[in-house]
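K.L.:
Note that the protein sequences, when read in sequence, are chains H and V. Once you know that position 538 of the first sequence is 537 in numbering that gives the first Met the number 0, the rest is easy, because the numbers rise by one and skip nothing. Once you know that position 256 of the second sequence is 255 in numbering that gives the first Met the number 0, the rest is easy, because the numbers rise by one and skip nothing.
Take the hints with a grain of salt, since some may be wrong.
Any copy will do: because identical chains look the same in the list, a pair fits if it lies in one copy or spans two.
Using 30 Å as the maximum straight-line C-alpha spacing, the simulated DSS-like pairs for lysine-lysine come out as follows [to be verified]:
#, residue 1, residue 2
1, Lys-379, Lys-181
2, Lys-7, Lys-371
3, Lys-167, Lys-47
4, Lys-379, Lys-177
Treat the hints as calculated values from the structure; they're not laboratory data.
Number of protein chains: 2
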Amino acid sequence: MSHPLLEKHRATLDGALNAIHTRGYWAAYNEMPSPKTYGETAADDGKKAFDAHLGRQFPLDQPGQTGWHGGEVSPYGIDLQVQYPVCEAEALIAAGQAAMADWQAAGAEGRAGICLEILDRLNRQSFELAHAVMMTTGQGWMMAFQAGAPHAQDRGLEAVAYAYREMKFVPGETVWEKPQGKNPPLVMKKHFEVVGRGVALVVGCGTFPTWNTYPGLFAALATGNAVIVKPHSNAILPAAITVRTIRAVLAENGIDPNLVSLCVAAKRETTQRLATHPAVKSVDFTGSNVFGQWLIDNARQAQVYAELAGVNNIVIDSTDAYKAMLRNLAFTLSLYSGQMCTTSQAILVPAGGIDTEDGPKSYDEVCADLAKAVQGFLAKPEVAHAVLGAIQSADTLSRIELASGGELGKVILASTRLENPEFPKAEVRTPVLLACDAADEKAYMEERFGPITFVVKVADTASAIALSERIVSTHGALTVGVYSTRAEVIDAMTAATWRAKVALSINLTGGVFVNQSAAFSDYHGTGGNPAANAAYADSAFVANRFRVVQRRYHV
Amino acid sequence: MSHPLLEKHRATLDGALNAIHTRGYWAAYNEMPSPKTYGETAADDGKKAFDAHLGRQFPLDQPGQTGWHGGEVSPYGIDLQVQYPVCEAEALIAAGQAAMADWQAAGAEGRAGICLEILDRLNRQSFELAHAVMMTTGQGWMMAFQAGAPHAQDRGLEAVAYAYREMKFVPGETVWEKPQGKNPPLVMKKHFEVVGRGVALVVGCGTFPTWNTYPGLFAALATGNAVIVKPHSNAILPAAITVRTIRAVLAENGIDPNLVSLCVAAKRETTQRLATHPAVKSVDFTGSNVFGQWLIDNARQAQVYAELAGVNNIVIDSTDAYKAMLRNLAFTLSLYSGQMCTTSQAILVPAGGIDTEDGPKSYDEVCADLAKAVQGFLAKPEVAHAVLGAIQSADTLSRIELASGGELGKVILASTRLENPEFPKAEVRTPVLLACDAADEKAYMEERFGPITFVVKVADTASAIALSERIVSTHGALTVGVYSTRAEVIDAMTAATWRAKVALSINLTGGVFVNQSAAFSDYHGTGGNPAANAAYADSAFVANRFRVVQRRYHV
Chain H
0 MSHPLLEKHR ATLDGALNAI HTRGYWAAYN EMPSPKTYGE TAADDGKKAF DAHLGRQFPL
60 DQPGQTGWHG GEVSPYGIDL QVQYPVCEAE ALIAAGQAAM ADWQAAGAEG RAGICLEILD
120 RLNRQSFELA HAVMMTTGQG WMMAFQAGAP HAQDRGLEAV AYAYREMKFV PGETVWEKPQ
180 GKNPPLVMKK HFEVVGRGVA LVVGCGTFPT WNTYPGLFAA LATGNAVIVK PHSNAILPAA
240 ITVRTIRAVL AENGIDPNLV SLCVAAKRET TQRLATHPAV KSVDFTGSNV FGQWLIDNAR
300 QAQVYAELAG VNNIVIDSTD AYKAMLRNLA FTLSLYSGQM CTTSQAILVP AGGIDTEDGP
360 KSYDEVCADL AKAVQGFLAK PEVAHAVLGA IQSADTLSRI ELASGGELGK VILASTRLEN
420 PEFPKAEVRT PVLLACDAAD EKAYMEERFG PITFVVKVAD TASAIALSER IVSTHGALTV
480 GVYSTRAEVI DAMTAATWRA KVALSINLTG GVFVNQSAAF SDYHGTGGNP AANAAYADSA
540 FVANRFRVVQ RRYHV
Chain V
0 MSHPLLEKHR ATLDGALNAI HTRGYWAAYN EMPSPKTYGE TAADDGKKAF DAHLGRQFPL
60 DQPGQTGWHG GEVSPYGIDL QVQYPVCEAE ALIAAGQAAM ADWQAAGAEG RAGICLEILD
120 RLNRQSFELA HAVMMTTGQG WMMAFQAGAP HAQDRGLEAV AYAYREMKFV PGETVWEKPQ
180 GKNPPLVMKK HFEVVGRGVA LVVGCGTFPT WNTYPGLFAA LATGNAVIVK PHSNAILPAA
240 ITVRTIRAVL AENGIDPNLV SLCVAAKRET TQRLATHPAV KSVDFTGSNV FGQWLIDNAR
300 QAQVYAELAG VNNIVIDSTD AYKAMLRNLA FTLSLYSGQM CTTSQAILVP AGGIDTEDGP
360 KSYDEVCADL AKAVQGFLAK PEVAHAVLGA IQSADTLSRI ELASGGELGK VILASTRLEN
420 PEFPKAEVRT PVLLACDAAD EKAYMEERFG PITFVVKVAD TASAIALSER IVSTHGALTV
480 GVYSTRAEVI DAMTAATWRA KVALSINLTG GVFVNQSAAF SDYHGTGGNP AANAAYADSA
540 FVANRFRVVQ RRYHV
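With the rest of the complex left out, here is chain H (with noise of 0.2 Å):
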């Protein structure tokens, strides 16, 4: 009952199987755009590749298209004027339900192996990738490639082998043999297919276009379902790349490719309609609370997996590094310019300060240190462009202006604009940071998305505990952090996290950024507070996105 491909890439999926079970440090694919991995012309060839989409049709041979469709705007201010199909919804979706037979009978193997080859092709695409995601979302160049392209192949690979796991706990048939004392027993042959639920729905982000994808697209896909992948109106190419491959693969394979298919459209009501198909019975979505909220509420027919919007937060009570938390927050908040979902938003500070192997530094001190040490981590233009990228959205600019005005917070470190000698026309920015009070909520518990942070004064330790337990609580978050070198400290913080259900980060102060989340091994999101409803990636992100149908029959 095996496949080809499963066997091809065998090694690959025992290693992602291990993995999810000790989860511990491991990847598949190589993080480090290395010549030796990738080849020695990789990197030319990939650029070439990007280069040769811009200012052409993507062609993807999809069924229902009725024209042509792009004006993605670049962060960094180059021409993308790539033009992608527009196909009727309901022909994607038939397209997908009709080649849901096939794909069923591939089996769990079959779809795995399958799944396994398309994250190694795009593996190789992964230059290509970065660069499409770099010039869609703003990213700096290194973020593009290995959230891009390895770091999103590893989280689809995890939700393949989280996928794969559930299925084979099901045996595809059983002898049930029932004693009836002295009588003979009763004997059935049964058997247990593992089927797709119906058409998946996965709503890209404009940020992380594949690293937020992937999870949820693997998961569907190799549970049985057929896909449609909505991208984001702004980064559509990583997702058009990703689709083409999948489907060239599915066609080699002979599945019908429009198992999968992606899905481009100009107004938001198209969405909307998509997604609350019948036919349509799961919607993976990042992004906005609004539209978010929309689709729980409204998608009703299917299961809806949302990673939302959070204000993620960091208690700061002592440290015997305060130079190096300082620096860790630094490139936390500088990251992308702070447009991660995982970036910090409240850092809270005790009002009457903080221990530090240094001394005690006052609320102003901490504050005024911290935006020293922005500063300083930004100090050098080749480093603050590698680091920021460029702003992803009109939005963020707004957002940045309206913090840098003042009236959200003192303004303790103003955001400036940068000019990137190699993107003339890249919109960069410094982070922000605020200081306010805790009793200030208006202002610092909403996202507000992007390098605006405020360092939210509070009575004490105790009080910014329960306050980051009730930001959680009402407001989520995705990642909270803690300074303490304090064991009552970090064990109150611990009882927090678990009532609020939220990832925590003890006092980082090296080379792991409390916004950073290794596939495998750390979770991301816990399904548990406002902030997501799911998490990449557990047993419920996959269980739920197949069913089991049994039949039996006398021997």
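Fit chain V to the given chain H structure using the hints.
P.N.:
Chain V alone, transformed into the frame defined by chain H:
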């Protein structure tokens, strides 16, 4: 990290874990009321324990008690007159929440061990529970014993096994060591805590107050949640006995017994308020489509696991065991007067009749022979009473009356009222069989709960299979069956059930019946059609009842 009670019951848990993996025959609790298993005095003791409840208050020592409520009416006509504590919902919720921290600290092992001890203790109360189930639901004695006690306990154990398996898959901790080329690796210690989602509400039904309650109850409990059991207003006693035993075992093991409580409410609004309370994170429900849909629409803060109504159906194409088929069907239609969510309501027969080993049988002959088979099966009063039990509700009596009037179809077997010499006030009815045309969808295409079955005349076998698929897809079903000697018919029916997502029984002519579902082997429901959005039990039934909260720090 083990627990003494887990070690005590290790063999039972291992057996259950093996059984859900192989899905062969297995049971932890003996379905025969044998003195060898249950003790020489068990039958008498159980009857006495049941009798001791009658006409009395049933104290549970729960918080927020405001009074007493009873009012159960026995379908057998005996006086029950048990009074149960009425407690404020807010008090039960707050007490449940307060008990959760210690329950979380018990860990997967401790929770599983205590759940296994609870099930063992409930098993020892099987006779008491059987009388309580029989007298509140109208089930015959043997069914009340089997489905009400050991089979329900097996379903509860099955849920514990799934929960344990999924929780144990999450490592408690790991060391994450990421190589950094020539630099020292990044090393982090990570902890992963399984936390329950909150308070679970389990809403029971009037016909199977333990069998349909234990899966959700034990799934929620084992995964770390507090549980409030809200029994059907006419089947409180089996739930009250269960909750009392759970509370006793919890207290013996140092867990606050308020972790699990009974909510008896005179008004539906109490249940509605409970189900929509922000602290209630899951609702398990068995019952009507109306209230089930209300829950799905309104209890949006919770995961809702709903088993609703459906139109179970059987396609008869041909058979080589005509009499055995009719006997098998007669039993299915008679058992507990068809008051099972798995009883067949529509039997689809080609207008041109069917082939049998005795030659062709016309549609009318099939109707007449099925009627004769039911009559013959119920000819002996002692068999009839043992199998039929009594009618559980006035609504079901009304439906039998309506069907008997002939408005829904031609009456091919009239329902009769039987006198039960042991219980003179019992409401006993034999099944009513109706003949109708496939076009009479209004008659047969809604659930008519009770001993009411339609023999539906369909153009041909292909139309019958298509109709079966449409019934399941649009109105839901927990079971379908097919009788055919032709492989292509069975294949077509199999494919139809994959699309409609319903369990299929093929050519049942012996001691297994389409309405029976065996724990550990048969999935009860698929969760993929309108009759139920979840199955007993699978990974999806447990995986989303807990969340994993991680913390990490450098070492």
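K.L.:
If a hint holds in the structure, say so; if it doesn't, say that too.
P.N.:
Structure-based check of each hint:
1. Lys-379 <-> Lys-181: between (87 Å within a copy, 25 Å between copies)
2. Lys-7 <-> Lys-371: So Lys-7 and Lys-371 fail the 30 Å test inside a copy (52 Å) and across (61 Å) alike.
3. Lys-167 <-> Lys-47: So Lys-167 and Lys-47 fail the 30 Å test inside a copy (41 Å) and across (48 Å) alike.
4. Lys-379 <-> Lys-177: Only across copies: Lys-379 and Lys-177 sit 28 Å apart there, 75 Å inside one copy, limit 30 Å.
Checked against the numbered hints given earlier, the structure breaks hints 2, 3 and satisfies all the rest.
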